[in-house]
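Peer 1: Given the structure of chain C, go ahead and fit chains V, A and D with the ligands onto it with the hints provided.
Protein chains in written order, with my numbering: chain C, 1 to 284; chain V, 1 to 284; chain A, 1 to 310; chain D, 1 to 310.
Hint data in this document are derived by calculation from the structure and do not stem from the laboratory. Warning: the hint list may mix true and false statements.
[Claimed, not checked] No more than 20 Å apart at the CA atoms, straight line, and that leaves these computed lysine to any residue pairs for SDA-like:
no., chain 1, residue 1, chain 2, residue 2
1, C, K88, V, H98
2, A, K213, D, L237
3, D, K280, D, R292
4, V, K88, V, G179
5, V, K276, A, Q212
6, D, K50, C, K88
[Said to hold, decoys possible] So the derived list for chain A, only partly shown, Cβ under 8 Å to chain V, looks like this:
no., residue
7, L30
8, P58
9, G66
10, M67
11, Q74
12, G75
13, T214
14, G219
15, S236
16, P238
17, T271
18, N274
19, P275
Glycine included, C-beta positions come from ideal geometry on N, C-alpha and C.
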Amino acid sequence: MSAINPRALQTSAEVLSNKKVGAYHHMVFAVDGLAQNARPGNFVAIAVGGEASSLVLRRAFAIYRSSDKGSAGGVIELVIAPHGQGSKWLASREVHDHVDMVGPLGTSFGIPTEPVRALLVGGGYGSAPLFGLAEVLKSRGCRVDMVLGASTAGKIYAPLEGKRSVSSMTLTTDDGSVGIEGKVSDALPQLITENESEIIYSCGPMAMLKAIQEIADKYKLVHQASVEESMACGIGVCMTCVVPIRREDGIVRMTRTCIDGPVMDGASVVWDSNRKIPEGTWGA
Amino acid sequence: MSAINPRALQTSAEVLSNKKVGAYHHMVFAVDGLAQNARPGNFVAIAVGGEASSLVLRRAFAIYRSSDKGSAGGVIELVIAPHGQGSKWLASREVHDHVDMVGPLGTSFGIPTEPVRALLVGGGYGSAPLFGLAEVLKSRGCRVDMVLGASTAGKIYAPLEGKRSVSSMTLTTDDGSVGIEGKVSDALPQLITENESEIIYSCGPMAMLKAIQEIADKYKLVHQASVEESMACGIGVCMTCVVPIRREDGIVRMTRTCIDGPVMDGASVVWDSNRKIPEGTWGA
Amino acid sequence: MFNYSTKISGTSLPNPILTASGCAGSGKELSQFFALTEIGAIVTKSIMLKPRSGRATPRMAETPSGMLNSIGLQGPGIDLFLENDIPWLQSQDARIIISIAGETVDDYAVLARRVRALPNVVGIEVNISCPNVENRGMVFSCHPETARAAIENVRRNVGGDLPIIAKLSPDVTDIAMIAKEVVNAGADGLALINTVLGMVIDVNTMRPKLAQKTGGLSGPAIRPIAVRAIYQVHESLPKTPIIGMGGVATGVDALELVLAGASAISVGTATFGNPTAVMKVKDELQALLLERGFTNFSDAVGFAHRPENG
Amino acid sequence: MFNYSTKISGTSLPNPILTASGCAGSGKELSQFFALTEIGAIVTKSIMLKPRSGRATPRMAETPSGMLNSIGLQGPGIDLFLENDIPWLQSQDARIIISIAGETVDDYAVLARRVRALPNVVGIEVNISCPNVENRGMVFSCHPETARAAIENVRRNVGGDLPIIAKLSPDVTDIAMIAKEVVNAGADGLALINTVLGMVIDVNTMRPKLAQKTGGLSGPAIRPIAVRAIYQVHESLPKTPIIGMGGVATGVDALELVLAGASAISVGTATFGNPTAVMKVKDELQALLLERGFTNFSDAVGFAHRPENG
Ligand SMILES: Cc1cc2nc3c(=O)[nH]c(=O)nc-3n(C[C@H](O)[C@H](O)[C@H](O)COP(=O)(O)OP(=O)(O)OC[C@H]3O[C@@H](n4cnc5c(N)ncnc54)[C@H](O)[C@@H]3O)c2cc1C
Ligand SMILES: Cc1cc2nc3c(=O)[nH]c(=O)nc-3n(C[C@H](O)[C@H](O)[C@H](O)COP(=O)(O)OP(=O)(O)OC[C@H]3O[C@@H](n4cnc5c(N)ncnc54)[C@H](O)[C@@H]3O)c2cc1C
Ligand SMILES: Cc1cc2nc3c(=O)[nH]c(=O)nc-3n(C[C@H](O)[C@H](O)[C@H](O)COP(=O)(O)O)c2cc1C
Ligand SMILES: Cc1cc2nc3c(=O)[nH]c(=O)nc-3n(C[C@H](O)[C@H](O)[C@H](O)COP(=O)(O)O)c2cc1C
Ligand code: FES
Ligand code: FES
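Just chain C, same shape as in the assembly:
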């Protein structure tokens, strides 16, 4: 067994349910053994478009929840934002349809060995992997506060059952249609102070993650960020999904977010590298 993608399986996953929730589709798949090794932060890669598809690349989706118990065998749940051709195709699959799925892939959120006070920050569908994380953290005795942001109310994914594991839930929207009007990052300083947060876990658009890192730096907090770069393969063979990461040896290397991510140490990421390469960066 390889050291890379060690737990990944390829399976024909059956759609068990597909429900519209706000702007998103909550989908449940029967995946056999694939669920078994899934940890919060991992993702799956799905082939889209069907038999005669012109879409040749897989699409990555964060695992919202997974379970390998229950009568349906292994089950994976995803939250899909119908956006372009691939996600729209996926969101329009019906119960009993099958899709080709590879997973679990990528790194997972690091779980502290001791109980800590964790702040979970999600943007849009970026909340998806945070609920599974919250459950694990809570089961380890952590305090979990969550803040979710989006442009508008319908784009906040925060199902009731997901809220069970959090001590507090704050919402922000750009248009003020629910919660605080503004960005999640606007809400962070006060939340960090009030909840005495010790670690930030985040998932969402790169601009949001960068803003969070600046706050984490200021408050000297560890920040585990789940980044989202365009991925062609999801399994580490194409080198399209890289971000510049300052490694322990001090050298910045273009690093695959599908293998060494999506969950990365926010402090190691050279943010704001879109369309440029930081000076002195090396290959992988």
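Peer 2: Then chains V, A and D with the ligands, alone, in the frame of chain C:
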């Protein structure tokens, strides 16, 4: 209104029914006004593969039956052989799905002004347009004999209700699984003699049509053949679907089978022209 | 008010959406689906001196997101074309760009003289992406000398007002160099791109699927090649108007080519999949430009070339 | 008994299915999905002298039936590559074809010396479809002189047994001419084709989508171009083994390239869509060949070239 494609409309056709019949799918579509001008021999051109399709060309299908009365409004029936990606996609459409359809297209079978003794010859799904033709001929007082051939029994499309309009029905199969063992052309001479046929109408693979033309020549019969050339557009703009036709001025011209066909005077076709151009042929 | 008009050298068109040569029949076939006056112009199939049978069938093969064709310029020849096709288009009030194609450098001169002064003809597209029978069938536009010679022959025979548009093949090492060559030879504009040379093998007969073996690849598959060619050529010749084409089926596709530098868009293969594709592209492109705040189509031409902080 | 083995000059492989350079990571990534010994050989990403960051992101754009990439040969450089990647592949018993890429003609000589005598290395693929920094970034294989010079430099440094395979760009006017040039310069085989230069413009930012502007087009969209290039080159150099690639995702696709003249098949982009694509191609191709009555894979190579009545 143009002189070319004068009756063609483009519509989003709804699947009303899709039933497997032997090797084929019998499909019914609600097509509004498109059915109104359909005559036996016409075809429709359908976009295949859905939103993210890699299949950029339409597929042509002979109209099996059409009706513009009834509660469903205009209705078109097709007989689909699931063969490659396009036809398989179409055959797997479900009730209420929509497909983009253009039609009716092409020439139709010429109907004699006086009652004649007609022999209708179909190969495989080539029988589809013949049943509508048989009804029209019968309503004009013609005697209609039909012979249908295929490689094997399951590939003969001859529904019970279609047989109403024919005086005799002969089947041939290459493997002898139903009817006479052999090709339709083997059965023709005897049928022509017995039924005193005066005109042949045919639809099927090019090799079959060619063999029928030889028999028609021998018995000095008019032969209206519905040919099947690869079509990219179905509306006369691409010039891919041509066959060499000897026109009245004696000059052979590469002639579009989607506009001047699919029903053509068999005697005017320069058969056996696959992969070569007859000497002295002109453009259109 | 949105100004959708565009200029190809001396010619103004009410909108920039055209048919692609060889993909709109004689015009009659499409006129059942929309009025030809609705589009900027109809580009005719490439017409040659003599009637031509074209290539043997099979002449086409579908490919992933594209198709191969080897029609081989089937057509009635210039005489019958001027007798039948052009008068009909004129009777429809269509704006016409005549595409001409030669077998020899001289053919281009003769054809140019025949088409240079006809009502409703607003441009000549010179298809030099076709085989030169005097030189081992090598494609005119693949070599600077023959590309130049063909265009010079047209230029010598056509006065100043009627734009001469050279249509280039992408099957070259350096398309910007060929573009410069033909502009120096007198072309007022460029048409980019013709089809890409390809082949499909039929795995059942185990021979090339097309009777002619090779054919021209068109459709969405080649769009990235078209965008690149247009971008490169617009970069080196920013003042030369370009008719862009290659895999345009939607307004988004057209916008890509316009941003890369196309002043007009020809829709080819998409018409085979959808008889009203040209109208769809016209409507969608206008809506996209409006959404992006453009009030003049021409402001969007080459907009992707603006400086990083522009 | 079906004989699936193939020969690339001096090297015999148990089957003709390979990965494509730059599309299989270091091998480790795929070994989770199948044993690397199952395929003919693994072709490594093109390795250069020094560590290289590659290009800025975005580095990729999906296109109809294809994708653009501008990875820009990101890699650890030859030292770390020989220290880490190669020993791991050797430990797996994988057959290895090392792909090398230079920035200068001299780089090729240096790289050739570093890789010419390594256990399990069964061939050198010389990627000359990359920019020559000494000559305005022009691609080596787009010009006969630089293509020849790079291959000569490898030939001078590699003994007779290890096949030298020149990988060519399709972005040229005459690929058969370039192929002859590099074979005359000492290449034992050819790899056809590298990606086709393309561009995508993001209609939201209204700029080229890739940070690098242009990128290489790969995937099924370019398969007809690959088949044509392989057919043309096999026709003019029937004895030179060709590693064919370009849009192969199924056994049918592979069969097309084999019939056109490929002695081996690299699977690239298809692996991104399906981690087990190489195995799928291997199994399907074998089944198709058996169905068609072939008992030796090698009899199918170039079979589409047989005379009309053959
Ligand atoms: C690690 C990871 C986790 C993700 N999790 C989710 C999730 O839980 N739910 C969800 O709805 N989506 C998620 N995405 C985004 C998803 O993979 C698709 O990119 C998105 O659905 C758009 O694809 P499309 O085909 O609809 O759009 P298109 O615009 O047609 O996509 C074209 C190409 O661009 C890429 N692309 C487009 N947008 C993005 C984006 N925002 N990020 C990365 N690549 C992009 C696509 O992957 C595709 O290759 C995730 C992406 C990554 C990398
Ligand atoms: C006038 C006409 C009438 C037709 N009527 C029927 C009908 O009633 N029922 C039916 O099942 N099919 C009919 N066909 C064939 C049909 O149009 C498709 O060609 C066939 O379904 C195969 O398409 P595919 O996508 O499944 O196969 P693919 O092999 O994937 O097709 C690839 C390309 O080749 C062309 N092609 C493949 N086989 C044929 C063929 N036999 N004839 C012409 N072009 C071909 C396709 O149109 C397509 O462009 C008719 C064709 C024509 C021209
Ligand atoms: C069937 C067919 C016939 C064509 N005939 C011509 C022609 O006669 N003259 C010409 O200049 N280009 C011809 N072309 C090329 C198109 O005009 C166009 O340049 C090319 O197809 C790319 O555009 P598209 O992808 O929109 O089709 C033809 C293309 C096709 C598909
Ligand atoms: C992401 C990516 C990276 C590539 N890197 C290399 C490389 O390092 N060296 C090389 O010779 N070719 C490289 N190629 C080209 C492929 O090896 C192959 O020639 C091309 O992609 C066509 O095959 P395909 O359509 O199967 O991908 C790369 C292609 C892709 C898509
Ligand atoms: S997505 Fe291919 S290497 Fe990460
Ligand atoms: S199918 Fe296009 S002209 Fe007949």
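Peer 1: Quick check: which numbered hints come out false for this structure?
Peer 2: 4, 6, 13, 15 and 16
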